[in-house]
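Participant: Model the placement of chains G, S and F on the given structure of chain W, informed by the hints.
Protein chains in written order, with my numbering: chain W, 1 to 372; chain G, 1001 to 1372; chain S, 2001 to 2372; chain F, 3001 to 3372.
Treat each hint with caution, since some may be false.
To be verified - Here are the simulated lysine-lysine pairs, DSS-like style, with alpha carbons at most 25 angstroms apart:
no.: 1; chain 1: S; residue 1: 2005; chain 2: G; residue 2: 1305
no.: 2; chain 1: G; residue 1: 1305; chain 2: G; residue 2: 1005
no.: 3; chain 1: W; residue 1: 114; chain 2: W; residue 2: 5
no.: 4; chain 1: S; residue 1: 2210; chain 2: S; residue 2: 2305
no.: 5; chain 1: W; residue 1: 210; chain 2: W; residue 2: 280
no.: 6; chain 1: F; residue 1: 3305; chain 2: F; residue 2: 3005
no.: 7; chain 1: F; residue 1: 3114; chain 2: F; residue 2: 3305
no.: 8; chain 1: G; residue 1: 1114; chain 2: G; residue 2: 1280
no.: 9; chain 1: G; residue 1: 1005; chain 2: S; residue 2: 2305
no.: 10; chain 1: W; residue 1: 5; chain 2: W; residue 2: 305
no.: 11; chain 1: F; residue 1: 3305; chain 2: W; residue 2: 305
no.: 12; chain 1: W; residue 1: 5; chain 2: F; residue 2: 3210
no.: 13; chain 1: S; residue 1: 2005; chain 2: S; residue 2: 2305
no.: 14; chain 1: S; residue 1: 2280; chain 2: S; residue 2: 2210
no.: 15; chain 1: G; residue 1: 1305; chain 2: S; residue 2: 2210
no.: 16; chain 1: F; residue 1: 3280; chain 2: W; residue 2: 305
no.: 17; chain 1: F; residue 1: 3280; chain 2: F; residue 2: 3210
no.: 18; chain 1: S; residue 1: 2280; chain 2: S; residue 2: 2114
In short, the hints are calculated from the structure, not lab data.
There are 4 protein chains.
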Amino acid sequence: MDRTKVAIIGAGFIADIHAESYHRFVPEAEVVAVCARSEERARAFAARHGVRSWFTSVDDAIARSECDIVDICIPNDLHARTAIAAATAGKHVIIEKPLCLTLEEADEMIAACKGHRRKLMYAEELCFAPKYERVRALVREGAVGSVYHMRQCEKHSGPHSDWFYDLARSGGGAVMDMGCHGFAWFRWMLGGRPRAVSVQAHMQTGLIHKDRTRCEENAVCIVEFEGGTIGVAENSWAKLGGMEDRVEVSGTGGVIYADLFMGNSALTYSEHGYGYAVEKAGSSRGWTFTMFEEAFNQGYPQELKHFVECVRNDTEPIVSGEDGRAVLELLYAAYESARTGRKVPLPFHRQVSRPIDLWLGPHADEPASIRR
Amino acid sequence: MDRTKVAIIGAGFIADIHAESYHRFVPEAEVVAVCARSEERARAFAARHGVRSWFTSVDDAIARSECDIVDICIPNDLHARTAIAAATAGKHVIIEKPLCLTLEEADEMIAACKGHRRKLMYAEELCFAPKYERVRALVREGAVGSVYHMRQCEKHSGPHSDWFYDLARSGGGAVMDMGCHGFAWFRWMLGGRPRAVSVQAHMQTGLIHKDRTRCEENAVCIVEFEGGTIGVAENSWAKLGGMEDRVEVSGTGGVIYADLFMGNSALTYSEHGYGYAVEKAGSSRGWTFTMFEEAFNQGYPQELKHFVECVRNDTEPIVSGEDGRAVLELLYAAYESARTGRKVPLPFHRQVSRPIDLWLGPHADEPASIRR
Amino acid sequence: MDRTKVAIIGAGFIADIHAESYHRFVPEAEVVAVCARSEERARAFAARHGVRSWFTSVDDAIARSECDIVDICIPNDLHARTAIAAATAGKHVIIEKPLCLTLEEADEMIAACKGHRRKLMYAEELCFAPKYERVRALVREGAVGSVYHMRQCEKHSGPHSDWFYDLARSGGGAVMDMGCHGFAWFRWMLGGRPRAVSVQAHMQTGLIHKDRTRCEENAVCIVEFEGGTIGVAENSWAKLGGMEDRVEVSGTGGVIYADLFMGNSALTYSEHGYGYAVEKAGSSRGWTFTMFEEAFNQGYPQELKHFVECVRNDTEPIVSGEDGRAVLELLYAAYESARTGRKVPLPFHRQVSRPIDLWLGPHADEPASIRR
Amino acid sequence: MDRTKVAIIGAGFIADIHAESYHRFVPEAEVVAVCARSEERARAFAARHGVRSWFTSVDDAIARSECDIVDICIPNDLHARTAIAAATAGKHVIIEKPLCLTLEEADEMIAACKGHRRKLMYAEELCFAPKYERVRALVREGAVGSVYHMRQCEKHSGPHSDWFYDLARSGGGAVMDMGCHGFAWFRWMLGGRPRAVSVQAHMQTGLIHKDRTRCEENAVCIVEFEGGTIGVAENSWAKLGGMEDRVEVSGTGGVIYADLFMGNSALTYSEHGYGYAVEKAGSSRGWTFTMFEEAFNQGYPQELKHFVECVRNDTEPIVSGEDGRAVLELLYAAYESARTGRKVPLPFHRQVSRPIDLWLGPHADEPASIRR
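Bound conformation, chain W alone:
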C-alpha cells in the first residue's frame, strides 16, 4: 500500500494529538514532516513521533516534504495564508478550527483550494466523536422525533498556549475557541446545509484569566435555525475540574444526553494522586474522572482517517471549508449580539479584522485595556 503523506504544520498540543491519531489509527497515511518555528520543538516533535523530516519554515515544509496533505495545527491568524500556500503548491488541506479569522480569508481559502482542485477539510472532530455520532444516528432514525432543542457545552479552565490570550492571533476567546464546536455540531446534527436565522449571545470576561486577557471567558450563545430548532452553546475558559464536553438533544418524541468525558470515565479515588486524569484536570488527588482513549473518543483519528480516504478516493469531506465559513459567520454574529444585546439575523457580515472586535471594538488588545 502506497501511503498518503502528511506534513503537520505546528508542534503543539493539537499537533501531538493528530500525530498520535495518524500513527495508531490511520495506517494508510504517513506523517512525513513536521514544521515548527522553533527548531528545538520541531526536532523534539519529530523524534517523539518518529517523523523523518522537520522544518522551521512553513514554505519549506510545503515545498520540500513531498507531502500530499498539509495538516494545519497553528494559531488562527496563520490559517488562511498557510492553507492558501498549501493549495497553491498542490497540496490537500485539513485545518484545525476555527477556519480562520475573517470571512474574507475564508472566501480566499475556499477559492484557492477550488482553483487548484485541492480538497479542503474543516477539522471538526465532534462530527466524528463516536458517542456523538451515535446520538446523530439515533436522531436520524427518529428515536426522539422532531428535534427542537440542542445543547452543547465545552468548558475547561483555559487554553494550553499563550497565543490564545492574544486577540490578534486568536481572534476571540472561549466562543472563538470552543463555541465553534457547538455551532458546527448543531449544523451537522441538522444535516444538509441548514440555514441559521439568528444568533443571540451573552459573554462574560474578568473571571479567572482577567490578568491575561479581555476575551470572553464564559458565554451562552443561542443559534436559531430555519424551522425553529435552537442550539444553545455554553463555553467557558473558567470551569475548573477538567475538560467538559456534553450534549443534550430534545425532540418531540424523546431526549438524549451524552457526555464525552465524565460520562465515559472510570471514577477514581486516589489518596496520593497519580499522573494524569483528563485534559486540564488539575490535581489527581481525591476523586477524579479518569479518562481513557481521549483522542479516539473525541473523534480525532476518525476525522483524519476520513480526510485521508477522501484524498485517496477523490471524494468530498463531510465537513468542508464552506462549513467552516458558516461557523465563522455564526461567530461574527455571536460577538455582534454580545455587543448589541440583540438577536442578530443571518446572513451577517461586517468588515472586521477579527470576530471579537464586533464585541469589544478594534482596540481591545491594546495594553492599557487589560487589567493587570
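Facilitator: Just chains G, S and F, lined up with the frame of chain W:
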C-alpha cells in the same frame, strides 16, 4: 401544643402535596379546611387527607374555617383576589408560584397583607429543597469562589391541569409555570435583594402541545445580575421521560452540579412495569429513574414548616411577596425579550393583563389563533 | 400533646445523630437526658442538643431521668446489661446495632423486655431509609419479578471511635459493625421471618488499620435463604473516599440499583476545599460527592419516629429484638465460615464470648497478636 | 504491505465481531476465509464481510484457505480439536474463551502449538478493553496503593446461541461463559503469573431459563490469590436490561469504579423506541443506555491487532494458552466449590468431561433432569 390552622384553597395536584407535607412533617400545623369549586373534589380531598371541613366558596372557606393561614393552590388568575380577601379577613397568606398575573396585582397583594399586618409568603420550594440548600451553603462558605454562572432547568412533558393551557388563567406557558422557579432560585442563591440588570429570552411554541396552546413550550432565558453573574433558566413542557430539575453553579474556584430527580433516584429495570416512577414519567416499563420522597426532596414540607414557624414566632418569611413580585418582573422582561429579540433592561414595566401578552400580544388566546 | 421522654445512653457519633433526628423530625418525643461516662462529654452533649439533664451513670440515667424510652448508643459490650437494666426499670428500649455480643445475651434481653412488658426495638435504620424503602415497595409490587439476588455494600475508611478496634468491646470488625446492616436488610426485603439456610464468608485483615486491630477490615459474605435467594454483603473499613452504602436487587423480571450516598449527592469541584462533604470523606478539595440530609436519607428519624409511635400506640416495632438476634446468628455463622472456609448451615450456635472468636479464636486481642 | 491472512472458524455472534474488528482496526490482517457448518450461514457471512472464500468443513478451511492464523469462534466442545488441527497444519491459533472443556484438552492444545512452534493466544478481550486497561495502568502507577479487593461483574439476559444451554457443548453456564472473563481479568490485574490459592462459589439455577437448562444462571465466585488479594466475580444469565460489565478495584490508597456499558453510554428516552441500544437490551422504548463502538470498548480490535502483531513480529501474546488453562482450573474449582460448599484450594484437578459436572454430576444434561 396549640396547632396553627390552615385552610387550603384548591384541591388539585399541588394542594395534595401541601396537605401531605403538613401532615407528615409539620405537626405544629393542622389542615382544617379545603376549598374546591366542585363539591365532589372538595369532599374527596377532605376524605383523602382527613380534613374536617370543606367548602366550595373561597369566601366561605376564609370566613368560616377558623383558619390562621390561607394556603393558596389555585390557578394563577385567582391568586390576587384570594390573597387580598384572606388578608382582609385577617389571615396569613402563603401562595403558590407565580405570585399573580400582573405587577399591579402584586402591589395590591403586598399592600393588603401589609395593611392588615398579615404575613405573605411566596411559596418557592426550591429555596427549601434540601439538596439545593446544600449547594447554597457550599457557595456561601466559598467552596466554589465567586459565582459567575448559574443554570437551572425545570422540564417535563406538560401541565397536570387544563387551565395551564388557558392563557387567561395561567398568563403564560413553561416560563410562567417553571421559569419562575429558576428566577427565584437565582435571586436566592445570590442572597439579599440582588439587582437584576437584564433578561434575554428565546421561546418556542408549536411542539407537543400545539393543538392545545400557543404558549411557549420550551424556552431559554438569561438573567444578568449586577456584578455580572448570570442565571440561565431552561424550561420545557415538551420534555418526555419524567420531571427534570437540575442546577449547575460555576465559580472562579469550582463548580457544583445537582440534580433533584435523576440524581437522587434508584435505577430500575422492570420488564412488566410498575405503578409510579416519578412525576410525569410516562411508562414504567424498561429502565426508569425511580424517585422517592418527592415532596421532601423538592422542599415542600420545609417551606410550609417555615411559614408556620414564621406565623407562630412572628418572624418574616425568607421568600416574601416582594420576592414574588421581583420574579414576576423578570417574567415580564422575558416575554418582552422573546418578542423583541433584545436584552431587556430592568427595572421593566408595561401595562398588560398578563405576562405572555408581551410576547404574543393581547389576542393570543382567541380561538382562531390556536391551530387545531 | 404529652411528649414521650427519651434518655439517650451515649454521647458519641450515633448519639448525636439520634438527638438531631428526634429534635428535627419527631416532635412527639423529647430527649430529656443523656448519659456519658465523661462528665465533660455529657455536659457538652446536653448543651449542644438542649437536653435538660445529663448523667455519668447509666443506672442513674435510667432511674432518675423520668424517661419512657432508653435509647442505647454505647459500645456493643454494654448493650445487653443496659437494655436489661432499662427494661427492669420499666423503660422501653431501642438499641443500636448490633443487638449485643452473644446469642445468650440476646435471649436475656428479649426475655427481660418481654417479662417486663416493655418494647424492644432493634434500630436498623436501613429498614427506614427512604430510598431503600422505595426499593422494597417496588419489589413488593412485583416490579422485578421474583428476587433471586440482593447485594448490599457498606464501606468506609474505618470507625469513628477507638473502641471498635477493641475486640472485647466490639466483638468483631467490619462485618460486626456493618455486615449486620446487610444481613438485616436482606431479611427485611424478603419479609416475614425468612429462614436463612447458610452463610459463606471471606474476610481480610492487615489492610489500612493493621497496626490497630486484627479485626476483619474487608469481607464478602453470602447468605442463602430458603427458596434459594441470596444476599451478598460487602463490608469494608478500608475503603477511602467517604461512606458507601448501595444495594442491587435482581429478580426474574428486572433489576434495581440504589445508592444512598454518591447516588444522592451534589457533585462539587472545589479548588480550595470546604468544610464537610460526607461521612468520612477525607479531603474536600477537588471533586467530592457532597451529601445532604444524611440522617434523613439513612432513615434515622423515620426509625426513631416509628419506635416512639409504637410506644405511644402500643404496637410492635417492625424490627424487633428477635430480628437483631437473627442477624447476630448470621454474624456468628459468617465468622465460623471465615475460619472453616465452608458454607455454614443454619441454625448455628457455638458458645463464645464474642462472634469474632469463631474466626480468630479467643486470644485474638492479646497484645502480642497485633502487629505494631 | 503483505497482509496476514486469517481464517475465522465460526459465523455466529462473536465471529461477526471479530470480522468487523479486523476490517476496521487491523489493516495489517485480512480475513480470507470463514467456516460454518451451514453453507447458507457461511456464504452469508462471507458476503456480509467481503470475505473471499467460505468453507463448511474446518479441515478444509485450515488446509485450503492459505491462512496464517486460525481464529476459533465456535462452541467450546470444538475448541481443542480445532486448535490442534490448526497448529498441526502450521497455523497460528487465537481462540475465544473459554480455552476448552477440560484441563487435559488444554494441555494437548498447548503442547500441539508448542510442538509445531505455532503461537496460541487466549482471546480475553477484557485484557484489552481500553477503559479497563486505563484502570490497570492506574493501579500499576500506584494510584490506589496495594490492591486487596477486585470485583468484576458480567451479566446479561442469556446466551445468543442455543448451544450454550447444552452442557455437552458449553461445559457450564454463566460462570463457564462469563466467569472466565472475571477470572482472567483478576490474574491480568495482578500481573505476572499470580498464584490463586482458593476459590469459593455459590451458584443458582432455575431462574429465567429453567425450562432450557440446569446450568447456573447466576453465581458469585471468590478467588483468593497468594498475598491475600481477592477477586469477586458476579455472573448472570438472568439479568435483564442489557449487557453489564463493570469492575471495582479497592486498594489501601484508594478505589476505582469502571463500567464498560452504562458507564459509557448516551442516555436516551425514546417514546416510540428505536433499532438497537446495546447487546441484549430488550426494548428500546422509554429510557435506554445507548452504547457506541461496542467492539472497540470491549477490546476486541485491540486484542486481534495484538495477536496479528505477535505473529508478524514473532513475539509472545500477553494472554497465552497457559493463561487460558489457569482460568479453566479456576472454573473447575468454582464448580467443585458450588457442590461442596467449601473453599477449594488450588492447584485443583479432577478427571471430568466438563467443568459443570463437578457441581451437578455427569448426568445433568440428560433429558429427565431438565424441567420442561
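Participant: Could you work out which earlier hints the structure fails to respect and list their numbers in ascending sequence?
Facilitator: 4, 8, 12, 15, 16 and 18
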